[in-house]
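Here the protein sequences come in this chain order: A and B.
According to my numbering, the residues represented by the first sequence are 1 to 193, in order.
According to my numbering, the residues represented by the second sequence are 194 to 386, in order.
A hint or two may mislead.
As the list claims (entries may be wrong) - Label-pair ranges, simulated between beta-carbon atoms:
id: 1; chain 1: B; residue 1: Q353; chain 2: A; residue 2: A93; range: 49 to 57 Å
id: 2; chain 1: B; residue 1: H273; chain 2: A; residue 2: P56; range: 16 to 24 Å
id: 3; chain 1: B; residue 1: F382; chain 2: A; residue 2: A93; range: 40 to 48 Å
Please keep in mind that the hints were generated in silico from the structure rather than gathered at the bench.
Every residue, glycine too, gets a C-beta built ideally from N, C-alpha and C.
2 protein chains.
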Amino acid sequence: MTQRLEQQIAFLNEADKLKSVVRATELCDNSRYENSAEHSWHLTLYALVLSDQAGPDVDINRVIKMLILHDLVEIDAGDHPIFGSHDVAAMAAQEQEAANRIFGLLPNDLRDDLRAIWEEFEAAQSPSAQFAKSLDRFQPPMQNLQSGGGSWIDFDVTEQIIADRVGSKIAIGAPALWNFARERIATFFASRL
Amino acid sequence: MTQRLEQQIAFLNEADKLKSVVRATELCDNSRYENSAEHSWHLTLYALVLSDQAGPDVDINRVIKMLILHDLVEIDAGDHPIFGSHDVAAMAAQEQEAANRIFGLLPNDLRDDLRAIWEEFEAAQSPSAQFAKSLDRFQPPMQNLQSGGGSWIDFDVTEQIIADRVGSKIAIGAPALWNFARERIATFFASRL
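I would like the entire structure built from these sequences, with the hints used as guidance.
Here is the structure:
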């Protein structure tokens, strides 16, 4: 019992490092870049508040669990900004190794349960995973609209690039959210001409 | 529909401010103080990983929702460190006002649903709320043990004060977690003599 609890706490202490992984998105008030732990919290709140955007086969409790866990691998593999250029296969391999190490800190039953939730998110095939992925893509543009452009300015992207890399993903699990974002993004870029 | 979504997004943008509310607990690596958003995320992970510590009447999905929402009122009312001295009645009144304003940004149905979850947490009467409260008290000592004492040093507290203010609360919803923490806290203080 104590050994089990020691493993659980070792995992939770390791997870603390996610608070030091810095993302490409700024806070709404433009004061600093967001970290992956507070981003994960914000996404769980998005899921609670926007559950009416989920399709009938989405299990919102499962979505929330995915969002709690989805970025843990960044402790080893780092954050890969959506507008950066990456070796997708190498990144996926790094993340699998990270998942082996980090979930491997847990007792076997918990390791398997939480790894399965993370793998479901990564595979992006189930309705719940598709909705979770859509929220993960929808939150950064909402913050960029508040902070004056954020990562759109830093990476010098166009509306078309946002539509291709972000919008196409939001639309899979939450089409009305992409409609909402697209209009506001168009207004934002028009105001900069 | 668009007006509803605008209210939902206004709430989510307002919630971003929780990332700027600084707590008295340091990160495990001692690099800085934790904020209430990343703390909330970490607690949801505690709930996922330590659900085997919950009694039979605890609804772990409800616990997770409570932990997502539990600190939102700090956007207006601030964080009140457990070892500080507070006017409890004034603090509760401030938090009620904060809840009126912040949850009031939402469409009425969502406002009522999320407010009810937060009120259940605050009341600390249901088994789910008691477990959620226990996790909220259990995480800071786990971090203090990693960071070299953290808020225990800053507030110059004794083992007895920790047992009275923190341990007594952990023990209500998760007695085995308090046993685990108490032993390690004793070892920590013994090492400082």
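Evaluation of the provided hints:
The hinted window of 49 to 57 Å between Q353(B) and A93(A) holds, with their beta carbons roughly 51 Å apart. For the hinted restraint 16 to 24 Å between H273(B) and P56(A), the CB-CB distance of approximately 42 Å leaves it violated. The given range of 40 to 48 Å is respected by F382(B) and A93(A), whose C-beta atoms sit roughly 45 Å from each other.
Violated hint for the displayed structure: number 2, the only one.
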